[in-house]
Amino acid sequence: MEFVNPEGLRLDGRRPLEMRQLRAQIGAVAKADGSAVFEMGNTKVIAAVYGPREVQNRSQQINDQALVRCEYSMANFSTGDRRRKPKGDRRSTEISLVIRQTMEACILTHLMPRSQIDIYVQVLQADGGTRSACINAATLALADAGIPMRDLVTSCSAGFLNSTPLLDLNYVEDSAGGPDVTVGILPKLDKVTLLQMDAKLPIDTFENVMQLAVEGCKAIANYIREVLLENTKQLEYRRGL
Amino acid sequence: MVGLSLGEKHFIQGGIDQNLRSDGRKRDTYRPISVETGVIPQANGSARIRIGATEVIASVKAELGRPNALQPDKGKVSIFVDCSPVAEPMFEGRGGEELSTELSVALQRCLLGGKSGAGAGIDLSSLIVAEGKICWDLYIDGLVISSDGNLLDALGAAIKAALSNTGIPRVQVAAGASGDEQPEVDISDEEFMQFDTSGIPVIVTLTKVGRHYIVDATSEEESQMSSAVSVSINRKGHICGLSKRGSAGLDPSVISDMISVARHISEQLINKLDSEISAAEADEDEM
Chain S
1 MEFVNPEGLR
11 LDGRRPLEMR
21 QLRAQIGAVA
31 KADGSAVFEM
41 GNTKVIAAVY
51 GPREVQNRSQ
61 QINDQALVRC
71 EYSMANFSTG
81 DRRRKPKGDR
91 RSTEISLVIR
101 QTMEACILTH
111 LMPRSQIDIY
121 VQVLQADGGT
131 RSACINAATL
141 ALADAGIPMR
151 DLVTSCSAGF
161 LNSTPLLDLN
171 YVEDSAGGPD
181 VTVGILPKLD
191 KVTLLQMDAK
201 LPIDTFENVM
211 QLAVEGCKAI
221 ANYIREVLLE
231 NTKQLEYRRG
241 L
Chain V
1 MVGLSLGEKH
11 FIQGGIDQNL
21 RSDGRKRDTY
31 RPISVETGVI
41 PQANGSARIR
51 IGATEVIASV
61 KAELGRPNAL
71 QPDKGKVSIF
81 VDCSPVAEPM
91 FEGRGGEELS
101 TELSVALQRC
111 LLGGKSGAGA
121 GIDLSSLIVA
131 EGKICWDLYI
141 DGLVISSDGN
151 LLDALGAAIK
161 AALSNTGIPR
171 VQVAAGASGD
181 EQPEVDISDE
191 EFMQFDTSGI
201 PVIVTLTKVG
211 RHYIVDATSE
221 EESQMSSAVS
231 VSINRKGHIC
241 GLSKRGSAGL
251 DPSVISDMIS
261 VARHISEQLI
271 NKLDSEISAA
281 EADEDEM
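Chains as they are written, first to last, in UniProt numbering: chain S, 1 to 241; chain V, 1 to 287.
These aren't lab readings, by the way, just hints derived from the structure by calculation. Given the structure is predicted, the values throughout are model-derived calculations rather than measurements. Built from N, CA and C at the ideal position, the CB exists for glycine as well. Honestly, I wouldn't trust all of these hints.
[To be verified] Across the chosen pairs, the derived CB separations fall in these ranges:
#1 60(S) with 170(V): 37 to 43 Å
#2 194(V) with 58(S): 36 to 42 Å
#3 182(V) with 13(S): 35 to 41 Å
[As the list claims (entries may be wrong)] Quick list of in silico lysine to any residue cross-link-like pairs, SDA-like style, CA-CA up to 25 Å:
#4 188(S) with 229(S)
#5 31(S) with 90(V)
#6 31(S) with 36(V)
Just chain S, with the same shape it has in the complex (with noise of 0.2 Å):
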């Protein structure tokens, strides 16, 4: 199949280097701490942020840090021929894992010991890269719960089909069964936080594409900021400063 036509554009009309369109909306849960709605192009996920509060159950509270969980849901609804998962199968558990891994590789734990942070994320529409939106929707959500973070953590992927290198892919270039390379970064201290790849690929094509991965998790940071900034400015204005 032909992923990127003669003109250079993609099934969805991007050039390879393109991301889909970001939307990110803060508050989102009321009743939440903090909360966040993120969306890439077609996939779109919600967030919300509890805590840092007592340690729910006792056995697991950690006495110099805090405990951090994660818990990743799709809505029956988000993907295209509806089917009714069972919770916790083992690909939500996984995600679960990532995410809360990557989190917690920001979040400052040493300041809040004996507590407990519960973050919750739910795929309302799934069209490849469910995993990055998730941990974007959380940062912002974080953001919003003033939990104190090293720096931002933003996660975006990239694919190679039909030998060229594509930001950013769709459920549909998703299951081509080229490699999808899911990356998350600290992007002030630039470091790399997660780092995902399925399927084979040459070392220096993987440099190439872990690159453009990269420089996606960069833009997206940058309009996380953004967003991050109106939505402080906004609470400024309304608190009348």
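Let chain S serve as the given structure and place chain V on it in line with the hints.
Showing chain V alone in chain S's frame:
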């Protein structure tokens, strides 16, 4: 869950006794309702409803299937509700399952009628494509995104809005198939069939706190309830379903009183919802 001090509990109960609740409402007023339709592009119809801080999404998906052998002239509708942990940390893991099931069953009771499919809010015979062979299966999914009480009313309203937003592709059945053969179908990409949603009931939940009952309780008020009665009522004022929750018993005369109050309130709610739904659809068309 809601942790309230003794003082707060007294404040809520006292306010309800004096017909002035903590957020300034009277006993029989709803919080502001806002409706947005077409929020899930991959579904046949969808809607998001906000009632105060409660937010739910309903989506309708239609698939072609085979009608039940016992009711060859009727389509099938199923309703599932999911409570996202985003709304409440309590719903994490399997924690939301009990509430999800309770809500799904209550909605089925209120919207789908009896086993035979008679008395359903949705006209099941309009879902038939070829009698005894092909029909539409409607899957209605509800998702609770933010919970601040009164989930059942919100879900009922969201389903009503999603169904009025639903377009089912028109299907041409190839003539000539006879006997037990499954006929070939041609699904149109352009022509859509709309539902008649005027018969779909709304759900009004009356929550009893102390000696009085209130509509549209917030989660703080729900934590103080002794029992709650959910009545589903259609435009004609007919009662389509009834369910009672909570542990305390109710006097039969109180129940009939509650039903007549619910009937009165449902009129206002239906009108309000209908105008919100048509405004939301007009907004969507402009986009």
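Problem - Those earlier numbered hints the structure runs against, lowest number first - result: As far as the earlier hints go, 1, 2 are violated by this structure, in ascending order.
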